[in-house]
Amino acid sequence: MAVTTRTGDAGAPTTAPRRQPGDGRRAGRAGDVGGNVFSQVVLIGWSVMVLVPFVWALLASVKTSGEIFGSPWSLPETFQWSNFASAWDKGVGEYLLNSIIVVTGGVVLTMLLGSMAAYVLARYQFPGNRFIFYLFAAGMMFPVFLAIVPLFFVVQNLGMLSTYQGLILVYTAYSLPFTVFFMHAFFKTLPTAIAEAAFIDGCSHAGVFFRVMLPMAKPGLLSIGIFNVIGQFNQFVLPSFLSPERPVLTQGIATLLASQRYEGDWGALFAALTIAMVPIVVVYLLFYRQVQAGLTSGTLK
Amino acid sequence: MRHGQYRFIVGFLVLPLALYAVFVISPFVQAFYYSLTNWTGVSPQFDFIGLQNFQTLTQDSLFLRAVRNNLVLLAGMPLAVILLALFYAFLLNVGGAGSGVGVRGVRGSGFYKLTFFLPQVLSVPVIAVIWAVILDPTPTGLVNSAMRRVGFGGSGWLADPNLALYCVLWVLVWGSVGFYLVLFNAAMSSIPRDIYEAALIDGAGRVATFFRVTIPLLWDTIQTSWVYLAILALDVYALVAVMTPGPGGPANATQVISLQIAQNGFQFGRAGYASAMGVVLFFFTLSIAAIMLRATRRQRIEY
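Taken in sequence, the protein lines are chains A and B.
For the first sequence, numbering that gives the first Met the number 0 begins at 0 and goes up steadily by one.
For the second sequence, numbering that gives the first Met the number 0 begins at 0 and goes up steadily by one.
Bound-form chain B, shown alone (with noise of 0.2 Å):
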């Protein structure tokens, strides 16, 4: 019997741990490994060289500028995704008219759910596509005829460097709010009717509420998606490499560090220096995860 069932668990695991050790695990190993080398990619033959690719990526003015861009997206974009969607899931649950025996949210909160997700179940390509159409530079453009039509001058949008990346960053917002707000409403609704019953009579209004009862409870929820989001930030590639000229352009006004690794490993025969920046980015993506969680730490409230 013992016997069986250790066959059997090897069995069962054997398939796909090779697969995630050869296309996941082996990957991501190998990609500190070249960091540390010259490989071009091409040749088979490569030379240790230590550090130098980091050495090199600190007086890159152009990995500098992608670093600069991720960090501006990172800064901007979830907070702007936590705060609207908190606001929009507040709505939601408890901006409804209220009732003599407690809370209640507006009427349409199903069909508001379902719309707010829909971006994030369709492509980023598809996304990029709509957006860069609609943001078209002539006056003619969907958002420039809409705005001259009530008195605003047209804008450049993406063809304008001042404004390209806020261009990505709303449409990364524009995307990513939906999962939010059904990811907050969901915590929400799993806070016990009693407190926010017992706010009510305690004379709380509804602003008070949310600040006093709803926030604190939802902390753990908001600390996580605050990482995911950075995550996303940080990883940004599909949205910037299908929708802005160049790509990343304009003058680079949108170039991320993932588009400065495709373009090392891939068209300048640059794998090592590529790799480099991929373990950058990795520290970076561990640092901001560890600092995020440290200095957004409460107390638990457990109910």
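Chain A on its own, in the form it takes in the complex (with noise of 0.2 Å):
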């Protein structure tokens, strides 16, 4: 589809930080305070927006079910820290550990085998080298609710359902678009010079992607990387679907928030979402930078 030719080029020049007219320091004349007062009081009024929620969701694994729903605005008597026992006792870590083991799994596969397609499909001339490309790159636009009853029966009928395998299976294969898009246009950008010489020092074919390519692509894999790592860690439709028996985190977040309609543990609850928060935050704050740049150069020309 036209979107996704038309961004052909996407991807490298953005992992590399760059001077932006955002980053400047406050250049200070009388006349434009106005303009900055209310630039900064709207922007500061969107970003207690988008706080309050998770510092709230955060005080509230601390809270009783009473404070949560009674007194929403004050901050718990005493910090209920009981609540993350309760919640690993209603299967958090169990629910922690699948989706540890899945997303390990898949982002390992997804980073080998996209990187591979990405390669052959980047350096090689051959015939059909672009029909595979755009087969690829398709499924970047395609609604996967098209296609979630059919592949439901294709799993089933490999005996996959509720199996570490087979989501795996599906976490990379639904992630191969964007890894192979993003990856093609990383090595279109690396120098040939380097391969070549690999190649007249004797080195094979997949030496010299192994030994020569990837290394020098470790900026690419480390942004898409991270990207696959949340992308597939908040996978909620695909194991919703293919894994009902043996759920990931996120389903089990769902499944919590439907149990305390009538249980009414609230604590418990804020307490798993605490945990499925916590990791993604850290990893999101020590590497924002490629995680944004490998979110957004998909849709960037």
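Treat the hints loosely; a few may be bogus.
Unchecked claim - Derived list of chain A stretches under chain B, where covered just means 3 residues or more per stretch with a C-beta under 8 Å from a C-beta of chain B:
id, region
1, 60-66
2, 85-94
3, 98-105
4, 125-138
5, 170-177
6, 182-193
7, 281-290
Unchecked claim - Label-pair restraints from in silico Cβ distances:
id, chain 1, residue 1, chain 2, residue 2, range
8, A, 202, B, 211, 17 to 25 Å
9, A, 218, B, 109, 18 to 26 Å
10, A, 157, B, 139, 46 to 54 Å
11, B, 139, A, 262, 54 to 62 Å
Claimed, not checked - Just so you have them, the derived chain B footprint on chain A, three or more residues with Cβ under 8 Å:
id, region
12, 69-75
13, 214-225
14, 271-277
These aren't lab readings, by the way, just hints derived from the structure by calculation.
Every residue gets a Cβ at the ideal spot worked out from N, C-alpha and C, and that includes glycine.
Join the two chains, each given in its own frame, into one complex according to the hints.
Next comes the structure, spelled out in structure tokens:
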């Protein structure tokens, strides 16, 4: 589709940090102070709107259910750390483990297969090259819900419903389009001279890929790797249909909400939420440049 | 050498392509086929019934309700997200104090980009749970008690059939603005500074600069964003499935196509019928992408 083809050379350049007008310091001239104050007020307003729900959720994880609904704006009387224990008892530990296993397998496989395909498509001329590339790129545009019913039966026929390997393979397959698209752009920008030198030294095609090109593509791999970690950790639609018996953390959260509507242990729900949020927020804070570059580069020209 | 090269190409492509064919391409193709059958999903036998599923769809009031709700989201969400994100990106880039030599961004723009983007990295169920509780319909809910304190009455929010869909819309907007802010900000910062400085020298104010320089130069990015947001509005599932009572309630006020596909395909044993809904969703997506790319086409400006 036009959207994906037009963005053909996305990716690589945006991963490098660069100077932006937005990074500028205050220059300070009396006449502009009004505009500056206005900007700050508006921007702080939206920041508050974004942060308050999260901070409130973190606080709710150490409150009693009565405090969460009775006095939502006040701090907890005493910190209810036991909420975390009861969240763990409700299966959050198991859900977290499932998520970690599936995401680890899924991301490793995605990165390996995605960069292999992207490398061949970016660096070798052969009949059908463009067709295969567009086949992958088209996968970014299709609604998953068109495929979800037949996909369920494909996975069922393979005997892989509610298994780690089933989720790993499906996650990988659905992560390939963007990974191939992104790494394709990245491999295109890498210089050819070093690879040619390696060929002259008698290195095989696969050897050049693993020993020369992959190490050179590290910044791109990091960016798309973090993107895939976050994306697969947050995946909800695929596991909720394909892994009902072995839920990952996102499913666990949804189930916990549904059951608290009659169990009423809201503190434990927010403790579970905190367990789900903190790892991702830490990854985000450590790598936020790569995260933002990775997530937005697919849409930028 | 040449022989070895082809073996290498095939060797590297066979696994990714096989995985992609089995789990992505084949289900998509099968969906079109099943949409023409009365397959239940349970029995191995089914009949080919032509376009009958699609005829039934036009009579299915629940499905039509879902389509209508998706269209409401489609009309409101992309527009709101793009306007807000553009506005904030503009403030980040040129909202700061000016100096003799040019236009500057505001102080703390790094912090704002970090914060605004945050909802994007958290999973939809997490966000859905937080908002479901924040919008608690009782008078002591977080939002309701805050509104009472400043003198407004409380509201039923997600429990109110007239408001629930707009609550979904709001959470979608709230979660998406940061992503498009970062996107527009990156696009704006790739516009050469000379252009802004030239406009400034010609006497253009900030607002004129925004409308006459920034927007035209960003048009490609805005257009692409519109298509992506439209797809998001048509594809919405997790937020509705987790956040709304039912899900899809109250009184089907937040029923959406994806929810109908899930219910028909997995609960009611109507896999063929659900596939027909998927096909409708696909053509919606395709035509909206095509229409928007046509309708918003302008002369592309190179710089």
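The hints, checked one at a time:
1. 60-66: Violated - the region 60-66 of chain A has 0 residues with a Cβ nearer than 8 Å to chain B, which falls short of three.
2. 85-94: Answer violated; 0 residues pass the 8 Å Cβ test.
3. 98-105: violated (count 0)
4. 125-138: Holds, because 5 residues of the region 125-138 of chain A bring their Cβ atoms closer than 8 Å to Cβ atoms of chain B.
5. 170-177: holds (count 5)
6. 182-193: With 0 residues in contact (Cβ-Cβ under 8 Å with chain B), the coverage given for the region 182-193 of chain A is violated.
7. 281-290: holds (count 5)
8. A:202 with B:211: 17 to 25 Å: violated, 55 Å
9. A:218 with B:109: 18 to 26 Å: holds, 20 Å
10. A:157 with B:139: 46 to 54 Å: holds, 50 Å
11. B:139 with A:262: 54 to 62 Å: violated, 20 Å
12. 69-75: It holds: at least three residues are needed, and the region 69-75 of chain A offers 4 whose Cβ sits within less than 8 Å of chain B.
13. 214-225: violated (count 0)
14. 271-277: With 3 residues in contact (Cβ-Cβ under 8 Å with chain B), the coverage given for the region 271-277 of chain A holds.
Checked against the numbered hints given earlier, this structure breaks hints 1, 2, 3, 6, 8, 11, 13; the rest are met.
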